[in-house]
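**Student:** As a plain string of letters, each chain reads:
There are 2 protein chains.
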Amino acid sequence: MAATIRDVARAAGVSPSTVSRALALSELVTATTRDRVLQAARELGYEPNRAARGLVTGRTHNLGLIVPDLANPFFPGIVKGVQARAHDADHAVFVADTDEDAVAEVKLARTLAKQVDGMILCSTRMGDAELRALAADIAVVVMNRRVDGIAAINVDNVGGMRQAAGHLAALGHRRIGYAAGPSNAWASQQRLDGLRGATAGLGVELVELGNFAPVFASGVAAADLALAAGTTAVIGYNDVVALGLLSRLSGRGVAVPDRVSVVGCDDIALSAMCSPSLTTIALPQERAGRAAVDLLLSLLNDRAAGGGVALELETQLVVRASTGPAPDG
Amino acid sequence: MAATIRDVARAAGVSPSTVSRALALSELVTATTRDRVLQAARELGYEPNRAARGLVTGRTHNLGLIVPDLANPFFPGIVKGVQARAHDADHAVFVADTDEDAVAEVKLARTLAKQVDGMILCSTRMGDAELRALAADIAVVVMNRRVDGIAAINVDNVGGMRQAAGHLAALGHRRIGYAAGPSNAWASQQRLDGLRGATAGLGVELVELGNFAPVFASGVAAADLALAAGTTAVIGYNDVVALGLLSRLSGRGVAVPDRVSVVGCDDIALSAMCSPSLTTIALPQERAGRAAVDLLLSLLNDRAAGGGVALELETQLVVRASTGPAPDG
DNA sequence: ATGAAAGCGCTAACAT
DNA sequence: ATGTTAGCGCTTTCAT
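Sequence order for the protein chains is A and B. All the letters of the first sequence, read from the start, carry residue numbers 1 to 329 under the numbering used here. All the letters of the second sequence, read from the start, carry residue numbers 1 to 329 under the numbering used here.
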C-alpha cells in the first residue's frame with residue numbers, strides 16, 4: 001500500500017494536519033517541523049492521494065483535452081503543449097479522441113466533465129448550443145473556434161491565408177484553387193474568408209473546389225478538380241490534404257512546382273520531410289496548447305475572468321519547394 | 001452543485017445505501033424501490049462522483065498510458081486503440097508524453113500511478129529494475145518490451161524483419177544496410193536480431209550502420225553511410241527514419257528504387273502518402289492498444305493472472321514503390 | 001505553531 | 001430488504 005498522510009505524520013511525530021500544512025508550504029509551520037515532515041515524506045515516498053484531496057477541495061487537478069483525431073499530425077503538437085504546461089502546473093490530462101464524430105464528442109465531453117476541473121476542446125465539431133451548455137457546467141476553453149462568451153485560443157487563419165495568397169500572387173499565379181475542409185470546422189470557414197478577402201484585393205481569381213474531410217484522400221480528389229479548373233496553384237485546407245494533392249499531381253505526371261504550385265496549412269513535421277517539401281502556413285501548435293492551459297487555469301482561479309477572452313496567435317508562411325513561379329500563360 | 005447520493009436518497013425516500021445498491025443493480029433491492037430510486041436519480045441528473053467511489057473501492061476506473069513521443073506517428077494509433085477499448089470498459093485514460101526522456105518517464109509514471117488502476121507503458125526507455133519496482137506497486141502492461149514477470153504486448157519484430165530480408169533477397173539484393181534505433185529501445189534489438197538471423201540464412205550481407213534516434217535526421221545521416229558502404233538496399237529502424245533515407249537519397253540524386261531500395265517499419269499513415277511510397281512492415285497499432293487494455297483489465301480483475309503473460313501480434317510486410325530489383329552488379 | 005475533529009461523496013460491513 | 005455506522009485520505013475549521 002502507498003503511504004498515507006498518517007504514515008508521514010507518525011514518522012515525523014506530528015499530526016496529519018501539520019503534514020498537510022507543511023506540504024502546502026504554508027507559513028503556519030516552523031521551518032524545522034516542515035523540514036522534518038518533508039524528510040519523512042521523502043523517505044516514505046509519500047504522494048498525496050489526489051482523489052481524496054479533490055473530494056474536500058473540490059478541485060481534481062485534472063484537465064480534459066478533446067481532439068478530433070490524433071492521427072492527424074496537427075494535434076499531437078497541441079497535446080504536447082497542453083501536457084507540458086499542465087504538468088508544470090501539477091495537473092494531469094485526460095486525452096480523448098472523438099474520431100471526428102460530433103455526437104461521440106458531446107458524450108465524451110459530458111463524461112469527462114465529471115472528473116476534471118476544466119476542459120480544452122480542440123477544433124470541436126460540437127454545435128454552438130451544446131458548447132454553451134457545456135461551458136455553463138464546467139470551465140471550457142476552445143481552440144480553433146469562436147463562440148461568444150467562451151474563452152478561446154485561435155490562430156490567425158486570415159493572416160496566414162493572406163500571406164499564402166500574397167506569396168502565390170507574387171509568383172504570378174492568377175487562378176488559385178482552394179480545397180476547403182469540413183463545413184462544420186470553424187477554421188475552414190476562417191481560412192476561406194481570409195482567402196476570399198486576400199484574393200479579391202490582389203485581383204486573383206479564387207476557385208473553391210468544395211468541402212473535404214481533412215484527410216489524404218481528399219487531396220487526391222481535389223487535385224483532379226484543380227487541374228480541370230485550370231488553376232496553376234492549389235491551397236489545401238491542411239497539410240495532409242496538401243500531401244494528397246502532391247501525391248496525385250505527381251501520379252498524373254504534373255510537375256510540382258513547375259506546372260502547379262501547392263500550399264498546405266499547419267506545418268506538420270512531415271511537410272519538411274516529403275519531396276518536394278511543402279510550402280505551408282506554420283501554426284504554433286505547442287504554443288497554442290500551452291496558451292490554452294494558461295487560459296483555462298486563469299479561468300479556474302478567477303471566476304470573474306469570464307469566458308469572453310479570446311487570444312489569437314500569429315501564423316507564419318513557410319516557403320519550401322512546392323511553390324514556384326506560375327508557368328507562362 | 002451536482003446532486004449527491006443523499007439528494008437522491010431524500011427524493012426517493014430511502015437511505016443512501018439503498019440508492020447505492022439500486023444503482024449497482026444489486027438484487028438486494030425490491031423492483032419497486034429500485035424504480036423509485038432510478039427515477040429520482042434521473043430527475044436530479046445524478047451521476048456518482050468517481051473520485052469518492054474510488055476512495056472507498058480502491059478502483060479509480062482510470063488508466064494511464066505513457067508514450068515516448070506523440071509526434072512520432074506510430075504512437076497515435078496505439079493511443080486510439082487504447083482509448084477505444086478503455087472507453088468501452090468505462091475507463092478514462094490519462095495520456096502522458098515523455099519526450100523520449102527516461103528520467104522524466106519514471107517521474108511521470110510514479111505520479112500517474114497514484115491516480116490510476118493500472119498503466120500501459122509503450123516502448124518504455126525505463127530500466128528493468130525501475131520497471132519491476134513500478135510493477136510491484138501497480139498493474140503494468142508494457143508494449144514493445146519484454147521483461148520477466150511483466151505482462152507484455154509485443155509485435156513480431158523478428159518475423160517482420162525476416163519478411164523484409166526475404167523480400168529484398170528475392171529482388172537480388174546481396175548487401176543490405178540497417179539503420180538501427182536507440183540502443184535502449186528493446187524493439188531495436190529485436191529487429192537487429194531478426195535481421196541478423198534472416199540475412200545469415202539467406203546468404204545476404206548485413207551492414208549495421210549504427211544506432212540512431214528514431215527521427216528523420218537520422219535517416220538523412222544514415223543514407224550517406226549506406227551509400228558509402230555500397231549497399232543496394234537499406235532498412236530503417238522505423239518509417240520516420242526511412243523517410244529521412246528517402247529524402248537524402250533523392251537529394252543526392254540516387255534513384256529509389258532503381259539504384260537503392262528502402263524499407264521502413266511501422267506503416268505509419270504517411271508511408272503510403274509520400275513518393276515514392278514506402279515499403280514497410282505494418283504493425284497492428286490499434287489492435288495492440290486494444291489488446292493492452294484487455295490484458296491490463298484482466299490483470300486488474302484477477303490478481304492470479306500474474307504478470308507473466310506476453311502476447312505477440314503478427315506483423316506484415318507491405319510492399320510499395322520504394323523497393324525494386326537490385327541494380328545489375 | 002500545532003492538534004483534534006469534522007466532513008467531502010461514496011460503499012461495505014454490520015445491524016435490523 | 002433496508003437502515004445505520006464506519007471509514008477511504010485528505011483539508012480545514014476550530015481549539016489550544
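One should not assume that every hint holds.
One copy or two, it doesn't matter: identical chains are merged, so the pair holds either way.
Below, simulated DMTMM-like cross-link-like pairs (lysine to aspartate or glutamate); rule was C-alpha separation at most 25 Å, straight line [said to hold, decoys possible]:
| hint | residue 1 | residue 2 |
| --- | --- | --- |
| 1 | K114 | D35 |
| 2 | K107 | E312 |
| 3 | K114 | E314 |
| 4 | K107 | D128 |
| 5 | K107 | D69 |
FYI, nobody ran anything at the bench for these hints, they're computed from the structure. Note that the structure is predicted; figures quoted are calculated from it, not measured.
**Student:** For each hint, tell me whether it holds in the structure or not.
**Tutor:** For each hint, the structure was consulted:
| no. | hint | verdict |
| --- | --- | --- |
| 1 | K114 / D35 | between (37 Å within a copy, 24 Å between copies) |
| 2 | K107 / E312 | neither (28 Å within a copy, 34 Å between copies) |
| 3 | K114 / E314 | neither (34 Å within a copy, 39 Å between copies) |
| 4 | K107 / D128 | within (15 Å within a copy, 40 Å between copies) |
| 5 | K107 / D69 | within (16 Å within a copy, 28 Å between copies) |
Checked against the numbered hints given earlier, the structure breaks hints 2, 3 and satisfies all the rest.
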